[in-house]
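> Okay, here's what each chain looks like letter by letter:
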Amino acid sequence: MAVQTSPRTPTGTRRTSTGSPRTPTGQPWTEKWGGLLFVAPFLVLFGFFLLWPTLSGLWNSFFNKSLAGVGGEFLGLANWREVFHDPAVWSSLKNTLVFTAMSTPPLVLTALVMALLANRTGVFGWFLRFAYFAPFVLPATVVTLIWVWIYQPGFGLVNGLLTSAGFAEIDWLNTENRAMLAVVITTVWWTVGFNFLLYLAALQGIPEHLYEAAAIDGAGDRQQLFRITLPLLSRTTGLIVVLQLVASLKIFDQIYLMTVGGPNFSTRPIIQYIYESGFTSYRIGYASAISYLFFVVIVIVSIAQFKLFSGRKEDLR
Amino acid sequence: MPDHPVSPRPGPTRRRVLAGALGLAGALAVPGCGAASGPARVREWNLFGGGDGARLLQIHQEFVAERKDIAFEAHTLAWGPPFYTKLAMSAAGGRAPEVATLHLSRLRGFSPTTLLDPIPLDRLSAAGISASDFLPQTWERCLIEDKLYAVPLDQHPFVLYYNTDICRRAGLLGPDGRIKTIKGVDALIETMKAVKETTGKFAASVETTNPWRLWWTLYGQLEGRFFDESGTRLALDDAKALEALQLMAKLAADGLVPRSSPYAALVAMFTNGDAGLSFNGEWEVTTYETAKMKFGMAPFPQVYDVPACAGDAHTFVMPHQNGRSAASTQATVEYIAWMLKHSVEWAEGGHIPAYQPVATSAEYLALRPQADYRDAANHVLLDPDAWFSGSGAQLQNEAGAAFSGVFSGQSSPRQALDQFKAAVQKLLDTPSPV
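Residue numbers (UniProt numbering), protein chains in the order written: chain Y, 1 to 317; chain C, 1 to 434.
Here chain C stands alone, though its shape is the one from the complex (with noise of 0.2 Å):
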């Protein structure tokens, strides 16, 4: 039957197949339009792991519960360079997430005009939010030509952790239970070798592999500057810089400090009571807690001149967008405006409330030992403003290379300034990429 009229089978032919698929992508695309007439979206790009990635997702529950009209998802992305390498690379797109946080030493070097939309200052202000809420130091970090284009949440500064039992063994408690104000090089050699007596092994944990917090903070002290006024040309105050690393080599050779120690070793060094002191960051409360250790914490012992720490603040930034909308630009304001409210379980991880009106509050007061050390968010200095500094960046690595030589007693102090300031030289001599 040649000539009878053959129907359309109704079977996979190609052009069926291909319009078909066409037509899936067409259905998929729908609901993607349609969310953005129904609950505003509010997507949130994070680097919290651990404890306060835990204590995060926990607040978190409490928005999402009582913010029913915002569609919240929060992501958890991998700390330090990962998680800068993707938010970069998401905004430089333009489809990054509504919001994302960011350390505020790191918001020059991460191209703010660029890669960042400006948060609105009026939304933000009926949202309750305004500069007076926050240290002036802090908020000014935020804005670049006029515009705010970071919220800080927290400041998180190097302070000290002591172990309660063993400094009161070593008589360095006060009759409040707290550890006795060191002030001077004497008197914190004094109070290590104490320690040191009463653990058999060693007064303090540090960060051997990586010292940058410890030295900026000796450095700090001295009130040494680090560029000049141009703020682009390297100033390093020589003696100054000498002075701090000296200490740092004099610990390690008097046994106070351990020779070599990486991260993970300093925490369990603490732990299981080999050092009684610890100089770290604020961010292992919960670990300590954890571990069902008595310790305390206070700020960082004026060891020189002024009193001054190394530090950092996680900010709330919105991520360049091509599209933004309205919408879900008021939502994103609102989250932020949220979180900054509820940031005293924040502070149970240890961080100091950015948002004055809760550093202040009793809640916040009555935290032990959290609440210990909130002095020194007032003495709080920040990474150097370029391009290569801040958390992760190149210029924390190029100290630790540099400066664990002198714990290890691979280099003498002399050396390892050579090595550091050759290295800045170089990363200032690089066309910034940003």
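Okay, chain Y solo, but in the shape it has when bound (with noise of 0.2 Å):
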């Protein structure tokens, strides 16, 4: 008790509010407004480079804004009608939400198996790890060129090994219902290393004294899983869950790169529509409109993420 109401700390003075020997005019004006001056840099560049843009985007919204310089009259909620209405904005938005469906099991899941393999592996743990890793250094273009190749119906590798195992061939990257598929398993490939290695970070934080008083209790390898190496890994995976989501619904660049959103904007997302409206339709207005219906619904899936992952915290006390 003693230690704690003793003034320790130029802080613990000031908060004890009687007799305080400075009055707030008292104060130098360092101290008062000196944290703002260490943030101002960063609020200028906030300010000009994330909250002007994001305002004057809702603002563009409303008006007939071209990227050619010509029109901009005020045309009220038209543009947002025109979204409503709009069914290449649906079907895009879908894809979107079919791809972060698709990629983030995957992408989780197999993170963690591959990081489980490569913390138990005692000889080879080096070149597991620098396998699961590599593609994630390689960037968009190379890893679609390469699997732009490997899908190619006639000389690709997949194919190849698919006829040779007397299959028929399939056209992965030209079928519908096929090149999500085909993206998804080139995104998992590319990016997986990166959650691995969060996984893997987390495993090897797990203290080894666990699992030998685990042993020593008769607790056999599966139980050591699921009772000990899973829960303690539960924020991770939280974590993982949190940034692969967001990553997964800003998908762009792979399908843009591998199908330019077809065959028949069967994999077009969101954001490449909003591309093609604005830049290459040059209707800034419209494209506006359509990012803040994408942006609430980032902001809707979030709100529904954290409201989940703040209740798996409580469960865990």
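Source of the hints: derived by calculation from the structure; they are not laboratory data.
One or more of the hints may lead you astray.
Here are the simulated EDC-like pairs of lysine to aspartate or glutamate, each with C-alpha atoms no more than 16 Å apart in a straight line [unchecked claim]:
{"id": "1", "chain 1": "C", "residue 1": "426", "chain 2": "Y", "residue 2": "86"}
{"id": "2", "chain 1": "C", "residue 1": "86", "chain 2": "Y", "residue 2": "276"}
{"id": "3", "chain 1": "C", "residue 1": "426", "chain 2": "Y", "residue 2": "276"}
{"id": "4", "chain 1": "C", "residue 1": "426", "chain 2": "Y", "residue 2": "82"}
Examples of chain C residues lying across from chain Y (beta carbon under 10 Å, computed) [as the list claims (entries may be wrong)]:
{"id": "5", "residue": "89"}
{"id": "6", "residue": "93"}
{"id": "7", "residue": "209"}
{"id": "8", "residue": "433"}
None of the values given here were measured: they were computed from a predicted structure.
Ideal Cβ placement from N, Cα and C applies to all residues, glycine included.
Starting from the two chains in their separate frames, assemble the complex, guided by the hints.
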């Protein structure tokens, strides 16, 4: 008790309101506003490059604004009405959500399995760590170039394996219900290494003596996995799921490079449609309105994720 | 010593830093102003990558060596929407480069009156270039409201490539070593069957993921229209459009062309001999020459009523600048004229020179196989004249989405046409952003 009441730090002194030696006016200018000065460069950049464009995007969505510098009349809610009646908006939004739903589970589960394997292997651990993480350092252009050839009918690797095993060829990238799967496979191969690394770091943080104690108590491998490893990884899992959902919702580059959204727009994500409306067709106002719709979707997903995540944390206690 | 006069310290104070920064900014601005009085500056933006890009660089080096009085710099940007986006934004801000390349089919969609500056005809003719140097239909498309907004550099039609070894074995070459003329649907299919038997795989490679150019060629040969007289209402002829689509479907169904082939595969199939013919724009000449293969080129066969082929033209435009100086305009026009007069080097990359004195010169006519398809220039069909059409624009995307299913067998010609018509109608209903 005595330790707690004794004022050890200068902040402690000021927090005890009785008989405070300094009045607010007596505070030096730097102590009152100094902190603000330190964050000022960030605030300026934040305001200029994030806040202002965000607000001007909302503003633009009510105007007939064109990249070509013509038009610009106030439209009221016309752009917004068009968004809700444009089937291309909804189909591309659906594609984005389908991609997210298809890619997130394998990206989390595969990373977990890979981390468990790499963590156990002694001699070849370095090789597994290297091999699992290596694709992640490749640029999107290289990855898509490799995979477009792998998927090619006639001379591609995958179809070569399929035909030599006696199956028929599959036209991965140009069949409407297969193209998205092909993109998901490529994405998992490419980006799973990052989640793998997060899991591996978390695994290495679990104290060895927990397993020793469990082994002495007679717990088998399976029990150790489900009773020790997975529960202790749950915070990491939460983090990975959040990061992965955000990354998957932002899907654009590998789809644009592999299929340009085809065949027949079956893989076009909403970001590509925003890009096409705003830049290929010069309709900045309309593209802004679609962007805001997508913004709302991301906010909803984030809130849902936050609720689930915070609920799970309480269960752990 | 509190009352001793303190001499101003030379250390950095806030005022000094600010004053210094302002001074530095001023110093930086000075050479910028000085440049106006020096050699006239011409900055050029283009969208040529690959073989075309290398060739343009070579021509530019000659220009720089010859015209020391012009401060010239060229920048190559990514082809298609990224290029047009950057060009439109720089012109909307009034700080565009002096000259840029633009596809003629995109001229109207680029909002010429706001984003481009007209090219002074008097200065152009003083530099030795006049309207009579071009094919009339090409020149007229460059005029908007009686002002010249673009100067055509070339024409690039959709043509027929043929592998001479394969075609000789298939008995398709004439005594002069060139492919015999193919006329009519039956002749086309017979020829393609003979090639397929020789290659054992396919007859022709085409880009099935975006067959706009093939369809537009066939539809044009049937004399199909796109717009009605007003130029604003869709007037597609269903029977003709379906006829073209049905032929495309048949070629795929008979295994004469692949069911699925993106652009890269089209090039690869022709290079590795999986296909003895190739339907494509003429710009891959350099690729096949580099691959050291034996090939020839011809205008796209006249399959239907009239000769026609999809195509476009690269042009020079002067994007809008707020303060365009007379000296830089003069230098820009001289650059354009110089490029046209040296366009035989450009033609080595496959493009047909738009400037007729070069297109009829002995030097160009000696180019093989480039000069073998020069007649196609008379039958080039540009994309429909609308804000959403042209190379890399929305109309081609919609056509690719609708028509690729005809090759893969996922949609019937009727379904593909209905989808395409609905998409075009939606574009027409959208208020024009230019």
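> For every hint, state whether the structure bears it out.
Okay, the hints, checked on the actual structure:
1. 426/C to 86/Y: holds, 10 Å
2. 86/C to 276/Y: It holds: about 14 Å lies between the C-alpha atoms, which stays within 16 Å.
3. 426/C to 276/Y: Judged against 16 Å, a Cα distance of about 15 Å means the pair holds.
4. 426/C to 82/Y: holds, 11 Å
5. 89: holds, 6 Å
6. 93: Hint on residue 93/C: holds, closest Cβ of chain Y at ~8 Å, below 10 Å.
7. 209: holds, 6 Å
8. 433: Hint on residue 433/C: holds, closest Cβ of chain Y at ~4 Å, below 10 Å.
Violation of the numbered hints given earlier is absent; every hint is satisfied by the structure.
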